[in-house]
Amino acid sequence: MELQLGLALPTPNIIKGFDLNNFGFDQIKGFGDKDCVKNKRGFEQAFGNFTEDCKAMPLLLWNGQPNEEEDHKKKSTSSSMDENETEEEDEVVGWPPIKTWRKKLFQQHQPGRVENNIRKVENKEKGRSIYVKVKMEGVAIARKIDIRLYHSYEALTNSLISMFAKHQKCDEDDYTRYTLTYQDKEGDWLIAGDIPWETFVRSVQRLEIVRNSG
Amino acid sequence: MESSELKGGKDSQISDELSELRMESSELKKAKESPISDESNRRSSFPDEVLDRVISLLNSHRDRSSVSLVCKDWYNMERWSRTHIFIGNCYSVSPEIVARRFPKIRSLTLKGKPRFSDFNLVPQNWGADVHAWLVVFAAKYPFLEELRLKRMTISDASLEFLALSFPNFKALSLLSCDGFSTNGLAAIATHCKNLTELDIHENDIDDKGGGWLSCFPESFTSLEVLNFANVTSDINFDALERLIGRCKSMRVLKVNRGISLEQLQRILANAPQLTELGTGSFTQELAQRQYEELESAFNNCKNIHTLSGLWEVKGLYLPALYPVSTRLTFLNLSYAVLQSDELAKLLVHCPQLRRLWVLDTVEDKGLEAVGSNCPLLEELRVFPADPFDEEIVHGVTEAGFVAVSYGCPRLHYVLYFCRQMTNAAVATVVQNCPDFTHFRLCIMTPGQPDYLTNEPMDEAFGAVVKTCTKLQRLSVSGYLTDLTFEYIGRYAKNLETLSVAFAGSSDWGMQCVLGGCPKLRKLEIRDCPFGNAALLSGLEKYESMRSLWMSACNVTMNGCRLLAREMPRLNVEVMKEEGSDDDGRADKVYIYRSIAGQRRDAPSSVLTL
Numbered sequence: 001m002e003l004q005l006g007l008a009l010p011t012p013n014i015i016k017g018f019d020l021n022n023f024g025f026d027q028i029k030g031f032g033d034k035d036c037v038k039n040k041r042g043f044e045q046a047f048g049n050f051t052e053d054c055k056a057m058p059l060l061l062w063n064g065q066p067n068e069e070e071d072h073k074k075k076s077t078s079s080s081m082d083e084n085e086t087e088e089e090d091e092v093v094g095w096p097p098i099k100t101w102r103k104k105l106f107q108q109h110q111p112g113r114v115e116n117n118i119r120k121v122e123n124k125e126k127g128r129s130i131y132v133k134v135k136m137e138g139v140a141i142a143r144k145i146d147i148r149l150y151h152s153y154e155a156l157t158n159s160l161i162s163m164f165a166k167h168q169k170c171d172e173d174d175y176t177r178y179t180l181t182y183q184d185k186e187g188d189w190l191i192a193g194d195i196p197w198e199t200f201v202r203s204v205q206r207l208e209i210v211r212n213s214g
Numbered sequence: 001m002e003s004s005e006l007k008g009g010k011d012s013q014i015s016d017e018l019s020e021l022r023m024e025s026s027e028l029k030k031a032k033e034s035p036i037s038d039e040s041n042r043r044s045s046f047p048d049e050v051l052d053r054v055i056s057l058l059n060s061h062r063d064r065s066s067v068s069l070v071c072k073d074w075y076n077m078e079r080w081s082r083t084h085i086f087i088g089n090c091y092s093v094s095p096e097i098v099a100r101r102f103p104k105i106r107s108l109t110l111k112g113k114p115r116f117s118d119f120n121l122v123p124q125n126w127g128a129d130v131h132a133w134l135v136v137f138a139a140k141y142p143f144l145e146e147l148r149l150k151r152m153t154i155s156d157a158s159l160e161f162l163a164l165s166f167p168n169f170k171a172l173s174l175l176s177c178d179g180f181s182t183n184g185l186a187a188i189a190t191h192c193k194n195l196t197e198l199d200i201h202e203n204d205i206d207d208k209g210g211g212w213l214s215c216f217p218e219s220f221t222s223l224e225v226l227n228f229a230n231v232t233s234d235i236n237f238d239a240l241e242r243l244i245g246r247c248k249s250m251r252v253l254k255v256n257r258g259i260s261l262e263q264l265q266r267i268l269a270n271a272p273q274l275t276e277l278g279t280g281s282f283t284q285e286l287a288q289r290q291y292e293e294l295e296s297a298f299n300n301c302k303n304i305h306t307l308s309g310l311w312e313v314k315g316l317y318l319p320a321l322y323p324v325s326t327r328l329t330f331l332n333l334s335y336a337v338l339q340s341d342e343l344a345k346l347l348v349h350c351p352q353l354r355r356l357w358v359l360d361t362v363e364d365k366g367l368e369a370v371g372s373n374c375p376l377l378e379e380l381r382v383f384p385a386d387p388f389d390e391e392i393v394h395g396v397t398e399a400g401f402v403a404v405s406y407g408c409p410r411l412h413y414v415l416y417f418c419r420q421m422t423n424a425a426v427a428t429v430v431q432n433c434p435d436f437t438h439f440r441l442c443i444m445t446p447g448q449p450d451y452l453t454n455e456p457m458d459e460a461f462g463a464v465v466k467t468c469t470k471l472q473r474l475s476v477s478g479y480l481t482d483l484t485f486e487y488i489g490r491y492a493k494n495l496e497t498l499s500v501a502f503a504g505s506s507d508w509g510m511q512c513v514l515g516g517c518p519k520l521r522k523l524e525i526r527d528c529p530f531g532n533a534a535l536l537s538g539l540e541k542y543e544s545m546r547s548l549w550m551s552a553c554n555v556t557m558n559g560c561r562l563l564a565r566e567m568p569r570l571n572v573e574v575m576k577e578e579g580s581d582d583d584g585r586a587d588k589v590y591i592y593r594s595i596a597g598q599r600r601d602a603p604s605s606v607l608t609l
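These protein sequences, in sequence, are chains A and B. When the count follows the UniProt record's numbering, it moves up by one through the first sequence with no breaks and lands on 214 for the last residue. When the count follows the UniProt record's numbering, it moves up by one through the second sequence with no breaks and lands on 609 for the last residue.
Just so you know, the hints here were simulated from the structure itself, not pulled from any lab data.
Once the Cα atoms are required to be at most 27 Å apart in a straight line, the calculated DSS-like pairs of lysine-lysine come out as: (1) B/K541 <-> B/K519; (2) B/K72 <-> B/K140; (3) B/K302 <-> B/K314; (4) B/K522 <-> B/K493; (5) B/K576 <-> A/K99; (6) B/K208 <-> A/K104; (7) B/K314 <-> A/K104; (8) B/K150 <-> A/K104; (9) B/K466 <-> B/K541; (10) B/K522 <-> A/K99; (11) A/K144 <-> B/K365; (12) B/K470 <-> B/K493; (13) B/K193 <-> B/K140; (14) A/K133 <-> B/K365; (15) B/K345 <-> B/K365; (16) A/K99 <-> B/K314; (17) B/K170 <-> B/K193; (18) B/K493 <-> B/K466; (19) B/K104 <-> B/K140; (20) B/K208 <-> A/K99; (21) A/K99 <-> B/K150; (22) B/K193 <-> B/K104; (23) B/K541 <-> B/K493.
Quick list of simulated restraints, FRET-style, between CB atoms: (24) A/R102 <-> B/N194: 27 to 35 Å; (25) A/I191 <-> B/P319: 46 to 54 Å; (26) A/R206 <-> B/S372: 32 to 40 Å; (27) A/K185 <-> B/A269: 54 to 62 Å; (28) B/K541 <-> A/I191: 57 to 65 Å; (29) A/E186 <-> B/P351: 49 to 57 Å; (30) B/K345 <-> A/E186: 37 to 45 Å; (31) B/D601 <-> A/R206: 50 to 58 Å; (32) B/D341 <-> A/T199: 27 to 35 Å; (33) B/P518 <-> A/T199: 57 to 65 Å; (34) A/D188 <-> B/T469: 51 to 59 Å; (35) A/E198 <-> B/Q288: 42 to 50 Å.
Examples of chain A residues toward chain B, derived with CB under 10 Å: (36) G94; (37) W95; (38) P96; (39) P97; (40) I98.
C-beta atoms are modelled at their ideal positions from N, C-alpha and C, and glycine is treated no differently.
From just these sequences and the hints, can you work out the full model?
What follows is the structure, encoded as structure tokens:
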């Protein structure tokens, strides 16, 4: 079945006759922010730490490959963003379906959150999941995988093939026309497969599937 | 007829559910006209006293509805003996109709807005204001004792009116409500001399300060249930301590975040009889002696079976809970940011747990600990701590879900937020736990397929409906084709509530559900490719349902008008967005059966067709 991918900005995205152009909700302004709740009294008093601007965000429908990078980012304008988040940030009103007051709890809970983030980073390196981004040349949307799920290059490449198979051009059904490259801790881009798997897992930062020239 | 068979129970054992309201509109017209004296012409085979006694033992409103349909005698006996009324949709009936039929109501449960209002999908001034109900009830039921509201709007004026109009008033429960401030709570505290329960939970309150709690008079001693976890301003601790001191029957106490550990210890020392406790902030710097006092205070509480709160919990202090944790049956850690090892250490001491709510910061490893330590677990809810943070991927996966299922075969209620899932994992889970009644799985990226096979998640939900024959509530997510809905329509014979988002391929999906699912009562759909053909395929079905919500689908105004024309006993409401063109699309549609006719309090943004 054909899957279509939606990109962030207000590009109309037709998926099986479903026209998104007509989404024009007033409430597309970020979650639970002041504008959404104009008529609520004392909202700022009750949950007053908001400094976010309410930005009008386009509403998007996904019907295809997951892409964790792109959706559902709620960023306050004051938080730092790394370069990976330059793309499209889109939000879907009322999704995930979490009650507003519960979302507030964790926005208020800033100190704990920062602490938790730090802990998360530590955990990342402690032999639990190691997530790396995988991009395929010519495909706008990257994936994120847990490299610890795999125990060999072959397993990794097989999984990547099934993830990205849809994007192969129809006259190229031989996957050996692509090469898997990775960026290591020093920032260099190398061809995957030369070093032992365990060493690779410890040094890989990002993956990219490049087309062989010719 | 055995009275023991009829007594209690939420679900009817007597017969298939009959819609109370469908019965209302047809039978009521016949039955209510005849006064009781005419009934003497047609004696039932039981003496009235016996029948009356038996019927008055019925608690379930569904059982009572069934009983009232048998004949006029039974209808009248039932209506005179009913003391509690449950109204799932406040607009399905009017307070006048209720008062006319049931003369002796002492307790009322009312639900208002559609559930998606919890997620900001319903306009602010949509309605569900309880005031009209209170006015009628003040006249007809001056002896009213209990009011439980969910997703209703209630103003401070209404709260004061309530407090002054019902001298016997005992229990107020507000869940997911709005429209009031702490001043309203002050009115309740001031005037309700017989109050036993004040349960303020998950509301949108205009918080004007903590003075309300000090309004309970010094002579006031009846409070048994006090839940103000949701009311953020600091209250006067002395006032609270004195209140607890004189309310010797207090069994449920859930304080807000402003209460410190030291204050908690003093509370517990004063109220060791508590059965349910919601702590405040669990993070104060405690000296060794203070910590020991806290532990000792917990140790004295031999009856606590439910624990919540634990905001900003410091893992270091969790062992203070060990004395109570062995008896805990419900542990709500959904405000506590815990790591997997912290949870694991705590759960070793919680072998009796039936219900557990956690944040996904505990990760799969934490859920493994759940599986290992809590064999009696029946309900698990995993909430995302940071639903919008994709940069650092964490949380729980299919592995945690599967781990719990192996360790907890009695699991029947799950709410699970995750970022990845597989068909195989869900199939394994339901194989291990076939008794699910409530299965709510939220894969947080809309339209995400099985992350290993890249296939739709159809087979996952197919497995759920095929295996879990008792399933009453289902929320689906992930990339789903019409096949999921074919499965649901065909297999989910007991399904009552279905929530669908970003799923389906065509009208056929929704048609399958409406054509199957004989017990469907609530259907809520958003962002799906279902249009008029699907909407109109459910014409008669909607009268046996409480409500249908469709937003961001392909339904048009004409489709809605046709539905409204064909089905006059349904209210078809369309919510229009400000400034959107009248291009024929119906953005948000809410359809519900009603014997009260169209509502008269709809704001201008809501069109009733």
